[in-house]
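Asker: The residues making up each chain are set out below.
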Amino acid sequence: MQTRSPNLPPDTQREMLRRMLTIRRFEERASADYLAGKIYGVVHCYIGEEAVAVGVCGALERGDRIISTHRGHGHCIAKGADLGRMMAELYGRQTGYCKGKGGSMHIADFGIGMLGANGIVAGGIAIVTGAGLAAQMEGKGSVAVSFFGDGASNAGPFHECLNIAATWKLPMLYVCENNLYAAQTAAAATHALSDIAARAAGYGIPGVVVDGNDVFAVYQAANRAVDRARSGDGPTLIECKTYRWRAHTERRGQPDPRDQQELEVWKGRDPIARLERQLREQGDLDDSGLQTIERDVVTALDAAVAFAEASPFPTPERATDDVFSA
Amino acid sequence: MRELTYNEAAVEAVAEEMRRDPKIFYMSTDPIGPLLREFGEQRVRATPIAEAALTGMAIGAAGSGFRPIVDWRQVTFCFVAMDQIVNQASKIHYMFGGQVSFPVLYRAAVGGGTQLAAQHSQSPYSMFMNLAGLKMFLPSTPYDIKGMLKTAIRDNNPVISFEANRLMARKGPVPEEEYTIPLGKADVKREGSDVTVVALAWLVHEALAAAEELAQEGISVEVVDPRTLVPLDHETIRNSVQKTGRLVIADEAGPTAGFSAEVAAVVTEDAASFMRLKTPVKRVCAVQVPIPYSPVLEDHVFPDRKRISAGIREVLQGREPADAA
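Protein sequence lines correspond, in order, to chains A and B. Using the working numbering, the first residue of the first sequence is number 33, and each one after it goes up by one. Using the working numbering, the first residue of the second sequence is number 30, and each one after it goes up by one.
You may find that some hints are simply not true.
Residues of chain B placed beyond 10 Å of chain A at every Cβ, according to the derived structure [stated by the list, open to error]:
1. Arg49
2. Asp50
3. Ala82
4. Leu83
5. Ser93
6. Asp112
7. Met124
8. Gly201
9. Glu205
10. Val217
11. Lys272
12. Ala300
Below, a list of computed lysine-lysine pairs in the DSSO-like style, where the Cα atoms sit at most 27 Å apart [to be verified]:
13. B:Lys200 <-> B:Lys179
14. A:Lys172 <-> B:Lys200
15. A:Lys201 <-> B:Lys52
16. B:Lys214 <-> B:Lys179
17. B:Lys179 <-> B:Lys272
18. B:Lys200 <-> B:Lys214
FRET-style restraints, in silico, Cβ to Cβ [unchecked claim]:
19. A:Ser263 <-> B:Phe108: 16 to 24 Å
20. B:Met30 <-> A:Arg94: 34 to 42 Å
21. A:Asp43 <-> B:Gly94: 43 to 51 Å
By construction, these hints were calculated from the structure, which means they are not laboratory data. Note that CB positions come from ideal geometry on N, CA and C, so glycine has one too.
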C-alpha cells in the first residue's frame with residue numbers, strides 16, 4: 033500500500049518523481065560508464081532505494097545539512113547537487129566536486145549542506161552529529177541528517193552519537209537505510225533485533241519504522257522528525273526498510289549471495305513505479321507528463337556526461353594541492 | 030617576567046582565544062575548571078567518554094563554521110578515535126578538493142616518567158606524523174606552549190597539540206602581553222659549535238642540563254628544539270648540523286620509524302648536511318618496549334641527561350655504539 037500523498041502541491045510531488053528518476057538514470061549511466069572504463073575505482077549503486085533520499089530531503093531546507101555513505105549519489109542528487117560536477121568527479125576531472133581527488137565515494141557539496149559521501153561504514157555519523165551540534169549552537173532552527181545503512185548501526189559511532197544527540201537534544205535525524213545486507217552479509221546474521229529502530233528506546237528517543245520504498249511515508253516520517261528537531265526536542269531514529277537492486281558494487285564478477293527471488297519481490301515494490309502509479313491515480317500525471325519528466329531527466333544527464341567528458345583531467349602536480357588549508 | 034606552569038600557560042592560551050573568537054568551543058570528558066567557570070557549559074562541554082564521537086563531531090562542527098577544540102586528555106584515549114583521525118580528519122580537506130576548511134584543535138598529553146605503565150605513558154606522535162593532512166607540535170616550555178596553542182587555534186586545519194606529561198607542573202617565564210609562535214619554526218634553545226642535539230619536550234631540558242655539564246669540559250653543545258613536528262623545520266636542523274658536523278637526536282619515544290628516524294633522514298639525505306657530518310648520527314631514544322611501571326624499569330627504558338651526554342661523547346669520538354639501548 034502506498035501512503036496517500038501528503039498535502040504537497042502536485043508540482044512538488046512530480047519533482048519528487050523527477051529526482052528519483054534522476055538518481056536511477058544517473059546510476060544506470062554511471063554503471064555503464066564504469067564498465068566501459070570511463071569511471072575508475074568503484075561505484076556503489078543506490079538503485080531501488082531512491083525513495084529514502086528523496087523523501088527525507090523533501091522535508092529539508094537548503095540550510096539543513098546531511099551526510100552520506102559510500103552509496104552516496106542518491107543523497108547528493110536529492111539534496112540538489114549539480115549533475116555535471118558529480119559526473120565530472122566520477123570521471124576524475126578537474127571540474128569535479130573534489131577536483132578529481134575523491135571519486136564516487138567522496139562527493140561533497142558544502143554549499144548545499146551535503147557534507148560528503150564517506151567510504152568508511154559509520155564514518156560519517158559523528159561528523160554530521162557535529163553539524164547537528166553546530167546547528168543547535170547557531171540557533172537558526174536548522175537540522176542535520178545522518179544517512180547510514182544497517183551495517184553502520186552495529187558500529188560504535190552509531191551508539192556513541194545517538195547517546196550524545198539524545199542527551200544534548202541535538203536537532204538530528206538518524207536515517208537508517210536498512211537494505212537488509214551489510215555488503216554481502218545478511219542483516220539477520222549481524223544483529224538480534226528485527227527492527228533497528230527499536231534501538232532508539234535505549235537512548236530515550238523516538239524510533240520509527242517506515243516503508244522505505246514509499247516516498248510519502250518516508251517524507252511524512254522525516255517531516256515529523258524535522259519538526260521535533262527544529263522545536264528543540266532532539267533527535268529521531270528513522271529506519272527505512274528497503275532493498276538495493278544491484279550488487280554491493282558495480283565491479284564485474286562481484287559475488288552476490290542474495291536470493292534472486294527476494295530481489296524479484298523487492299523489484300515488485302519499485303519506489304519509482306509506485307509513485308508514478310499514485311500520481312496517475314491522483315490525476316497529477318499522464319503519459320505526456322511522464323514523458324516530459326523522462327525527457328528532462330535524460331537531457332540533464334546527457335549534459336552532465338558531456339560536461340564531464342569535455343572537462344580536463346587535473347594536471348599531475350595538482351596532487352599536492354589542498355593537503356592543507358590556507 | 031611572571032612565571033606560569035606549562036599547564037597554566039596552555040589554559041591561558043585557550044582562554045584568551047575563546048575570549049577573542051565566539052566560534053571556539055571546547056569538548057572534553059572532564060572539563061577544565063577555570064574554562065568552565067568563565068565560558069559556561071555551552072562552550073566548555075562535558076562529554077560522555079566517547080572519543081570517537083567527539084573527534085568526528087569536531088570535524089563536522091568545523092565544516093559548519095565553528096572552531097572546536099577536543100581535549101583527548103591522555104593520548105592513549107584517542108586510539109578509539111583512529112578512524113576519525115586517520116580516515117576523516119587528516120583527509121577530509123584534500124579528498125573533498127579543498128571545498129571548506131576544518132579548523133580543529135586536538136589536545137593530547139604524551140610521555141612517561143610518572144609510573145603510569147604502558148597504556149598511560151605513550152609518545153606515539155610519529156604514527157600521526159606519517160599521515161598527510163595533520164599539523165602537530167610538542168612544545169617544551171610554558172612560553173612555547175602558549176604561543177603555539179594560540180597559533181594552532183587560529184590555524185584552518187586539524188592540528189594536534191601534544192603536551193608533555195612530565196612538564197605540566199614545570200614553571201617558566203610567560204609575558205603578560207599578547208604573542209604567538211608560528212608553527213613550523215624550530216627554536217635553538219642553546220647555541221654551540223661541537224655537536225647538535227635535536228630534542229623534544231622534556232628531553233630539551235635534559236639536553237640543556239647535559240650541555241651545561243659538558244661545557245665545563247670545553248664541549249660546546251647546540252640544542253635545537255623543533256617544537257613543531259609537522260611541518261618540521263628542516264632548515265634550522267640542517268643549518269645547525271652544517272655548523273657542528275655532529276648530530277644526536279633525543280626522543281622519549283622508541284626509535285623505530287620514529288621522529289628520531291625522520292630527523293636523521295632530513296639531515297642525511299641533504300647533501301650539504303651529509304657532507305659536513307664528521308661522525309655517524311646517534312639516536313638517544315626510549316628502549317623499544319611498552320613502558321613498564323616499576324621506577325627501576327621505567328628509568329632504565331627512558332633516555333635522560335646521562336644517556337644524552339654519553340651519546341654526545343660517542344659522536345665526538347666517532348666510536349662504535351657501546352650501549353645497545
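Asker: If a hint holds in the structure, say so; if it doesn't, say that too.
Answerer: Here is how each hint holds up against the structure:
no.	hint	result
1	Arg49	holds (17 Å)
2	Asp50	holds (13 Å)
3	Ala82	violated (4 Å)
4	Leu83	violated (8 Å)
5	Ser93	violated (4 Å)
6	Asp112	violated (6 Å)
7	Met124	violated (5 Å)
8	Gly201	holds (30 Å)
9	Glu205	holds (31 Å)
10	Val217	holds (26 Å)
11	Lys272	holds (30 Å)
12	Ala300	holds (23 Å)
13	B:Lys200 <-> B:Lys179	holds (19 Å)
14	A:Lys172 <-> B:Lys200	violated (45 Å)
15	A:Lys201 <-> B:Lys52	holds (20 Å)
16	B:Lys214 <-> B:Lys179	holds (15 Å)
17	B:Lys179 <-> B:Lys272	violated (32 Å)
18	B:Lys200 <-> B:Lys214	holds (22 Å)
19	A:Ser263 <-> B:Phe108: 16 to 24 Å	violated (39 Å)
20	B:Met30 <-> A:Arg94: 34 to 42 Å	violated (53 Å)
21	A:Asp43 <-> B:Gly94: 43 to 51 Å	violated (33 Å)
In this structure, the hints that do not hold are numbers 3, 4, 5, 6, 7, 14, 17, 19, 20, 21, in rising order.
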